[in-house]
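So the sequence lines, in the order shown, correspond to chains S and U. Mapping to our numbering: the first sequence position 62 is 62, numbers consecutive. So our numbering is basically just the index in the second sequence, starting at one, shifted up by 1000.
Read the hints as simulated data drawn from the structure, not as lab findings. Incorrect hints may appear among the rest.
[Said to hold, decoys possible] Straight-line Cα separation of at most 27 Å, BS3-like style, residue types lysine-lysine; simulated pairs: (1) U:Lys1531 to S:Lys3; (2) S:Lys118 to S:Lys66; (3) S:Lys23 to U:Lys1531; (4) U:Lys1531 to S:Lys108.
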Amino acid sequence: MAKVIMTADDSASVRQMVAFTIKQNGYEVIEAVDGQDALTKLATQKVDMLLTDLNMPNLDGIGLIKGVRAGSLNKFIPIIMLTTESVDSKKAEGKAAGATGWIVKPFKPEQLIAVIKKVLG
Amino acid sequence: MSFFSFKKNLLIPKTLNRKESFGVWLSLLGSSLETLQQLASASEHEFLQIGEQMQGIYTRAAKISQKAEHLVEVAAGQRMQSLIERLQQMVGDIEAYLSGSRTRSNENSLTMQGVLDLLDHIAKPLEGFQGMNMTLHMLGVSIKIESACLGLLGNEFINLAIDVEKLSLQVDDKSNAILKHRQDLRLMLLENMVSLHATESIHDEEVALALNSTSAGMHELEVVNDRFTQLGARVAATSKEITSNIGEVVSSLQFHDINRQQIEHVIEALEHLLLALSDGKAVAGSDDIYRALITEVGNVCELQEAQLNFASTELYSAVESIVGNLQQVSGKQMALGQETLAVTGVLDTSDSSFFDAISQGMSTVTAVLTDCISKDHEMTSAMKGVAANIDEITSYVHDIDDIGFEIVLLALNAQIKAAHAGERGAGLGVLAEAIHRLSDDAVERTTAVNATLTEIHTATEQLSDGKRAEEVELRSKFMSMEGALNEILKMLAEMNVELLTILSEVQAMVNALSEEVESITSQIDVHERTKVMADEVLAVLHQIVIEVRELEPASSEFKENLRLMEAKYTMESERRIHEAIANKHGVQQLTEVVPAQTVDSASGSDSEFGDNVDLF
């Protein structure tokens, strides 16, 4: 059964590219338009992994990670930040919140897939 | 098409006062902000559309690659291997047939030559029958003469003389018939030998032709197999290249989001500036406040000009990369389509493929084998004719044998009658003795001829039986070879149809993809339009910087501020631009104002996934 990955990003074009990349490699995708939307969906939907942007309206990536880690259904899933932010201080903040990894945009499809495979095992 | 008309005559007259200058800048920056806000959101729909089109192109390119792989499978896969193996087997069978056919022909030729020799061998005994006929005739006449000398006593010998005459005539008839049959048989054998040699020659040529045709077909299939195996590698390489092109497109499409954020940062900076300029204190305040504000205007505009310029250039390059990579996908598929046609050996899908040549070769093999079997059948019929002729000769010889027995009886009768006649029958006794010797001679000759005829019969029977057995074996082998050939032809025909169908599909798909890519890429002008908008804002910012710097040059304070302002940026590209501006103003080394917390990555090295990836 295909593993399910959620992509949370306020940019429709980024969600489109992430979804295209991971669907091509046999994963199922759930899209969320911001942190709040993601958190709402994750409350009822079990996923295997979360890919999230950092800067999003309503609830940002750090807030989303904290919300997921505080929840129960997807508490222990790997979470990869997918963002244009590259400063170490932000990465440290993400790591402290419970992020599993950090990918700076633009990413190459093979990079994203390699990270997903590594993290999902 | 531009969202805004390009603004001209930006220069602010030097005669303007403080309030008027601020008013112009406010107006220009306000207008630019509107443009930037549209710029930040205007291209979202277009990028999404390009993304959808790219996915469509990728899906279609993948289907073309799958078709090409299928084509390779049809032309170089298991079925092709099976065909090659069957043809190898067939070449072996034909070679064995050729060798066996040659051996059989030699044996047949030797047998017929042997029969001819035997027929020559019986010529002398058969001619002896003619002599015997003459002797019998002479004896019959002599008996009549002797009988006449004996007067009444001789009357009994007259009937004997008549019987001898009759036997003489019978021997004459039979021996003539035998000689005629021998002659006919000889001619038949000679004709058959000539025919056999001719058949041998034709067989050799035709079987060699079949062998060459089969070998050529097999060689062609092996060549095709190699070519398609190479094409398979080429298809795989092209698929990999296309995946790489699509990867580049995916990367480039993300620049919309990056560009949007960069512009949002520019907007944020300009909005702050607009607030400051809108504040009445700046207009009505002291010279220091005024100078500080116009310095800030210069600083902010110079930096945002650089940031916007970079963002605009980066987006333009990204879209060009998208267009270029999509065109490369189309170009590579076109090249693959052409290469596929070239490898298949057809110029277009209406032409025949290499399979037709092989099929023709296979048809030739079938025709040749049919002809070979027909010629073998003719030879078998001929040998049956020889055997029948020998049987007839044998029956005549048996008749002579019977005549010889009758001569013996006549001789005994003559001897008895001669004895009854006493001394006067002495002459007849001598004649009777001669008849007896003639019967012995006849037996001796018929025995000799019979022995030879038995030899001939045995040889021709063997030849005929052997031919029949050979014919059955050959027919069985031929049926098997014909079945295999028909199966190969059927497979070739199926493969041909399938191949041409796939080729036609590939060509149609490649052409459609090419047209679509051309149509899509020719319509992509988002980078041109956004560039016009960005250029419009850039011109405004640049002009403001020039005017402001004329009023108040960049101070050392600006250089110090560069360090502080750097901390506001989070994107690597933004920091690089900032650094470039710093370098321009002679700030040699920028240090991070806010100490960065170090992040330990679990991967230890970023190189495993790239410099932009950290796993904690």
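Do the hints match the structure? See the list:
1. U:Lys1531 to S:Lys3: violated, 41 Å
2. S:Lys118 to S:Lys66: holds, 23 Å
3. S:Lys23 to U:Lys1531: violated, 33 Å
4. U:Lys1531 to S:Lys108: Between Lys1531 of chain U and Lys108 of chain S the Cα gap is close to 25 Å, so the pair holds against 27 Å.
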